[in-house]
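Asker: Sequence:
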Amino acid sequence: MSKQQLLSVCLLASSVPLLALAYENKRKAKSLSFTASSLLIDLPNGSRQEQPAFGFCLNF
Numbered sequence: 077m078s079k080q081q082l083l084s085v086c087l088l089a090s091s092v093p094l095l096a097l098a099y100e101n102k103r104k105a106k107s108l109s110f111t112a113s114s115l116l117i118d119l120p121n122g123s124r125q126e127q128p129a130f131g132f133c134l135n136f
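Take the numbering used here: the last position of the sequence shown gets the number 136, and nothing is skipped along the way.
Note that these hints are calculated values from the structure, not bench results.
One thing to keep in mind: the hints can contain errors.
As the list claims (entries may be wrong) - Per label pair, the in silico range of CB-to-CB distance:
(1) Phe132 - Tyr99: 20 to 28 Å
(2) Glu100 - Pro120: 43 to 51 Å
(3) Ala96 - Ile117: 40 to 48 Å
(4) Ser91 - Cys133: 35 to 43 Å
(5) Leu116 - Cys86: 42 to 50 Å
(6) Gln127 - Ser78: 40 to 48 Å
(7) Leu88 - Arg124: 46 to 54 Å
(8) Gly122 - Ser91: 49 to 57 Å
(9) Ser123 - Ser78: 51 to 59 Å
(10) Leu87 - Phe132: 18 to 26 Å
(11) Ala89 - Thr111: 33 to 41 Å
All C-beta atoms in this analysis are idealised placements derived from N, C-alpha and C, irrespective of residue type, glycine included.
Kindly produce the complete structure, drawing on both the sequences and the hints.
Answerer: Quick look at the structure:
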């Protein structure tokens, strides 16, 4: 069995329990949201730098 075939079998085997857990817990998560924004960072020299930010929120 080649490395690629072994990796494929391992990924397939690990996905089955994940799908079972997702099915069991699908009603627990009430909301899921993603946000994209930017953060202003104050630098020591007095200037400001804008950085992109990604937010993830899961409410139960």
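Asker: Work down the list of hints and note, for each, if the structure agrees.
Answerer: Results for each hint:
1. The hint said 20 to 28 Å for the Cβ distance between Phe132 and Tyr99, and at roughly 22 Å that hint holds.
2. Take Glu100 and Pro120: their Cβ atoms lie about 50 Å apart, and the range 43 to 51 Å holds.
3. Between Ala96 and Ile117 the Cβ separation comes to about 43 Å, which falls inside the hinted range of 40 to 48 Å.
4. With their beta carbons about 25 Å apart, Ser91 and Cys133 fall outside the hinted range of 35 to 43 Å.
5. Taken as a hint, the range 42 to 50 Å holds for the pair Leu116 and Cys86, whose Cβ atoms sit roughly 44 Å apart.
6. At roughly 43 Å, the beta carbons of Gln127 and Ser78 sit within the given window of 40 to 48 Å.
7. Roughly 49 Å separates the CB atoms of Leu88 and Arg124, a value that falls within the hinted 46 to 54 Å.
8. Separation of Gly122 from Ser91 is about 51 Å and conforms to the stated range, judged on CB atoms against 49 to 57 Å.
9. Range check, Ser123 to Ser78: Cβ separation about 54 Å, and the 51 to 59 Å hint holds.
10. A hinted range of 18 to 26 Å holds for the C-beta pair Leu87 and Phe132, which are about 24 Å apart.
11. In this structure the supplied range 33 to 41 Å holds for Ala89 paired with Thr111, their Cβ-Cβ distance being about 35 Å.
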